[in-house]
Amino acid sequence: MTDSTTRSAEHDWQAATIEAIRVQTPTVKSFVLRPGDARPFFAGQHVDVRLTAEDGYEAHRSYSICSSPHVKGTIELAIEELPTGEVSPYFHEVAQVGDVVDVRGPFTTHFAWQPDEHGEVLLLGGGSGVAPLMSMVRLHAALAEPPRMTLVYSARSWSDVIFRDELLQLRQTRTTLRVVFAITRDITEAPDGLVADFSHRLDQSAIQKLLHENGGMPNTCFVCGNNSFVGAVADALVSAGITPQNIRTERYGE
Amino acid sequence: MVTRGFTGRRPSRENAHRIPPGQHEVFDFPVLSAGPTPPVSLAEWKFTLKSGVRPVKQWNWEAFNALPRTAMTKDIHCVTTWTKLDTKWEGVLIDDILKDAGLAAPTPWVLAHSVDGYSTNVPTADLTDAKAMIALLYDGVPLEADHGGPARLLVPHLYFWKSAKWVNGLQFTERDTGGFWELRGYHMYGDPWRQQRFTND
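These protein sequence lines map, in sequence, to chains Z and E. Position one of the first sequence corresponds to residue 11 (our numbering), numbered consecutively onward. Position one of the second sequence corresponds to residue 13 (our numbering), numbered consecutively onward.
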């Protein structure tokens with residue numbers, strides 16, 4: 011029995027069963043996990059996942075929760091298969107519904123959206139960096155009177171857009187949510203003749219255009235993706251006049 | 013509990029003992045931070061040594077670069093589970109900073125401060141006796157901004173969030189005082205060999 015006054019339950023490992031596996035894009039699958047003891051979390055937080063081989067060797071990795079906090083009992087992780095990865099190939103090629111992995115968390119109070127505290131928010135995600143932002147978008151969709159939210163999603167092609175249909179639907183139905191797509195390498199095969207808002211990487215001028223179209227500065231920005239995406243976008247936001255302390259970043263490696 | 017069908021990728025036998033529990037070796041150099049990379053002007057850069065609120069000595073970039081230089085090759089361990097072996101650094105040992113200031117460490121606790129408001133605590137004993145430096149060069153060239161340049165704290169035996177990027181001062185404190193990540197659930201000390209990642213680990 012853990013003594014909750016000295017040790018927080020989030021730090022303990024627990025078993026989680028894979029309940030569903032969904033193919034999202036050619037390189038991304040999402041995994042719905044049911045932990046034995048589902049803990050509350052904030053949109054933007056992540057869990058640590060641990061895989062253990064028969065000889066006791068362990069691999070740990072962190073994955074953002076992409077499901078909304080208002081969905082109880084399960085969490086969804088979006089995992090991109092990395093060609094040189096150790097854990098992602100396990101998830102993509104071996105894991106089946108019913109398998110059990112260890113999870114711990116949720117973690118980070120810094121990259122976490124609390125609807126009552128952050129005012130108007132601007133979310134910018136590159137590739138699989140959209141995962142924690144999707145939790146925020148899904149929570150936003152469940153709230154009656156949320157603050158304005160803009161999601162800017164940069165992907166290489168339309169087929170690389172994770173949660174594409176859901177995002178296209180949400181942006182039609184939610185008046186306080188704006189979804190902007192930057193498709194950077196291949197703008198062909200757009201679904202239903204859709205036109206990308208940007209057909210190049212998000213640079214200084216794109217950020218300025220976005221802020222201008224939004225009619226002002228957001229209160230808080232959340233930026234997530236690989237380091238070159240986050241670096242470029244965060245620098246552009248600062249140059250556009252956003253206070254650095256209001257920009258929260260989560261970088262996936264180099 | 014064994015994960016069905018997982019075999020994993022072991023580190024080479026010669027290096028296995030250098031990878032702390034729960035870590036894996038990487039060959040690139042990942043960049044992580046809580047916010048944007050702050051711009052730092054060398055003309056305005058200052059490093060301040062403080063005892064409590066009292067400044068003891070301050071160096072500008074030129075003066076700091078005139079301090080004795082030491083090179084060290086160390087393994088580094090990030091709390092996000094990546095470990096990089098044999099990283100090469102050059103900079104000024106904390107011992108040499110204290111010597112130049114004519115200061116014997118007044119308290120057992122230090123809080124490191126960075127240009128963007130970041131802070132992190134390290135016990136004095138973990139900074140002295142050649143254990144830590146203010147690093148200026150990585151791999152023989154000036155430290156890149158994304159990796160904390162022009163100067164970062166380097167305390168390789170603790171998780172790397174303790175190696176504060178864009179460091180501009182060390183402050184001796186009366187008590188062990190948590191900094192940015194310590195106040196957000198991360199461990200006050202951070203020893204990778206005891207997996208001290210989160211508070212009370």
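Calculated directly from the structure, the hints in this document are not laboratory data. A portion of the hints provided could be inaccurate.
Part of the chain E face toward chain Z, derived, beta carbon under 7 Å [what the hints assert, rightly or not]:
{"no.": "1", "residue": "V14"}
{"no.": "2", "residue": "P32"}
{"no.": "3", "residue": "G34"}
Just so it is clear, CB atoms sit at the ideal spot from N, CA and C, and this is done for glycine as well.
Outcome of the hint check:
1. Interface restraint check: V14 (chain E) against chain Z, minimum CB-CB distance 5 Å, threshold 7 Å, status holds.
2. The interface hint given for P32 (chain E) is violated, since its Cβ lies 11 Å from the closest Cβ of chain Z, which is over the 7 Å cut-off.
3. Interface restraint check for G34 (chain E): the shortest CB-CB distance to chain Z comes to about 5 Å, inside 7 Å, so the restraint holds.
Hint 2 alone, counting from the list given before, is not met by this structure.
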